[in-house]
Amino acid sequence: MFNNIMVPVDLAHLETLEPALDVVADMGKRYDARITYVGITANTPTSVARTPQEYEQKLDAFAQERHQVHGQPVSIKVYSSTDPVANVDDLLVKAIKEIGTDLVMMATHLPRHLDIVMPSHGGKVATHTDASVFLIRPAK
Amino acid sequence: MDNKSQDKSPDDKAPSEGIPAPEGPANLIDTDYVIGQDNITTTTMGVNLDLHGKVFTISSIVVLLFVILTLALQDEIAPVYDAVFGFLTGNLAWFFILAANIFVILCIGLIFSPLGKIRIGGADAKPDFTYMGWFSMLFAAGMGIGLMFYGVNEPLTHFGTSFDGGSWAPLGGAEGDEAGAAALGMAATIFHWGLHPWAIYAVVALSLALFAFNKGLPLSMRSVFYPILGERVWGWPGHLIDILAVFATLFGLTTSLGLGATQAAAGMTYLFGAPETDVTMILLIIGITIIAICSILAGVDKGVQLLSKINIAMAAALLFFVIAVGPTLLIATGFFENLLNYVVHLPALSNPFGREDANFSQGWTAFYWAWWISWSPYVGMFIARVSRGRTVREFMVSVLLVPSIVSVLWMTTFGGTAIDQYLSQGIEAVRDAGIDLQLFVMLEQLPLSQITSFVAIVLVIVFFVTSSDSGSLVIDSITAGGKVDAPKPQRVFWAIIEGALAIALLLGGGLTALQTMAVSTGFPFTIILLVACYAIIKGLMSEPKAV
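Chains Y and C, in that order, are what the protein sequence lines are. Oh and the first sequence: position 117 is 117 in our numbering, straight run, nothing missing. Oh and the second sequence: position 504 is 504 in our numbering, straight run, nothing missing.
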């Protein structure tokens, strides 16, 4: 049913991603799908990388590491932005189209009041795409 | 400065389309510092925070202390602020004037030097914004609001003092000579809004952009000091530089927001008879803050850029309307005459020593230079953030020359029209009106004044929004240790703080006093900027030569 699974990755906060990564591996194996890890970074130096190119290398290393775990084919795509925090949702929607993905799997937080003003990225992406979106919340 | 060459060509096997690659070779500064390593990350009431502990805490406390002191001890503290500032402009006017000349010379030199070929963000970096979007943002952040108020006021004032030949006349004035006084008045105004202020911004912006995009250091004032202080910039010397930048930015924005609301309210009273009360002004500040918050939530591309474009389009419409219905021929010829007058008087106006027009050079020029310089960390950092992918030459032409030319046109149009109304048509109301109303009185003499005045008020408000939103982004980035990807609520926090402080100072008084103090930060920043000049040259020299 799913051929290409897209997984947005924030290399600065990998710990929040951990539970979702296992689910991604299971789903990838279940559907024998390619897994594309997508990173969005600032043009300016960040805590993860000092240039977008360095970010790309680190994401690639991360993807190869995941490949060792689940054995599915992996690829990466990096977007750099002047204002990544504000543009992340739009860039993810763009990535879905460009990659031609049919399932997006995202780690997300529990619902909170702040979501009314600043909706979660997963929720926002789901309302702007035709692809299936699987939001994975942290275990209670 | 230890550099290591890094081949920034993308990985052969996995080129990503989204990245502005390939970037070509660049020289990153070799440091072990990790951006955000001194940050405190926590979650409070469901809100994620990511802040530089020392810079955020100390600058917040200092700002609060200053505001509380100013509110509580207004009568006692205002003379102290005035004395500090009086001392700086009185005794150190030469220093401000000399430093600003150095900035202009450096910037013009870079346009013609081979270093001008170097590209911000690496040899093959692509610009993030179109020329129009980029220019709109840097112009709206850099000057917008001032042009609205001083476009009519300053030419008229300098014309008046030149004609009267008083001690405030630029270069001794042209007593009794209407044409001479008008020419001198325009030249002096353009001097204050031309190359020098933009060179100040350009120096800060280029140094920040160079050290962030080409050298891989955080987008923060302290990074510029790396060539001098080395690894010590990550310690207290760096903290102090960043704290000073926050201080200057926050006070500059807050006091301008408060004073701007006063002026916008005066305009609304004049036009629509709106009550000129505290309530009107508070509503204006709240309104401006709310729009600014929406803008920063939407981000640089969809918020700030969009508003800036709207702003520039409206300003251009107003400008061309005045050119069309005002004294068109006079403006057309005046543009070139004023440009020539500016060039002719430039050496004398920018002479730092032995000035006989001390009131003018200290009270106007030194004050302006200190003012621009105190705004420069904020405007410079914002310009830096949106300037990736431009060559140094392109950058200097767009940040120095183009805005200066636009300033000449703007001043010629608004100031020239007002002087013409006074001289040829004998309309004295323009000259006699208060500074916040002169623009509206000038527009009243032209057709469709209800519409143009309304446009002018909207422009004033939107210019404030673009200052407030870009300012909040800048303060957030400095207090987050140079991170531009800190959580969104922090930006909102700063926008609200700016609005709240403006309201507190408006109600409690002390706005002008605090503004005086804010401008005083221009002095330490002048020294920082001189260091930035050295850092720019050193940084550019170590860049790989572009083809």
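The hints are simulated quantities; they were obtained by calculation from the structure and are not laboratory data. Incorrect hints may have been included.
Claimed, not checked - Distance ranges between label pairs, derived from CB positions: (1) C:Ile496 <-> Y:His67: 55 to 65 angstroms; (2) Y:Pro119 <-> C:Thr328: 43 to 53 angstroms; (3) C:Lys538 <-> Y:Asp130: 31 to 41 angstroms; (4) C:Lys538 <-> Y:Pro119: 37 to 47 angstroms; (5) Y:Thr127 <-> C:Leu446: 43 to 53 angstroms.
Positions of the beta carbon are idealized from the N, C-alpha and C atoms, including for glycine.
Do the hints match the structure? See the list:
{"no.": "1", "hint": "C:Ile496 <-> Y:His67: 55 to 65 angstroms", "in the structure": "46 angstroms, violated"}
{"no.": "2", "hint": "Y:Pro119 <-> C:Thr328: 43 to 53 angstroms", "in the structure": "52 angstroms, holds"}
{"no.": "3", "hint": "C:Lys538 <-> Y:Asp130: 31 to 41 angstroms", "in the structure": "53 angstroms, violated"}
{"no.": "4", "hint": "C:Lys538 <-> Y:Pro119: 37 to 47 angstroms", "in the structure": "46 angstroms, holds"}
{"no.": "5", "hint": "Y:Thr127 <-> C:Leu446: 43 to 53 angstroms", "in the structure": "49 angstroms, holds"}
The structure fails hints 1 and 3 (numbered hints given earlier, in ascending order).
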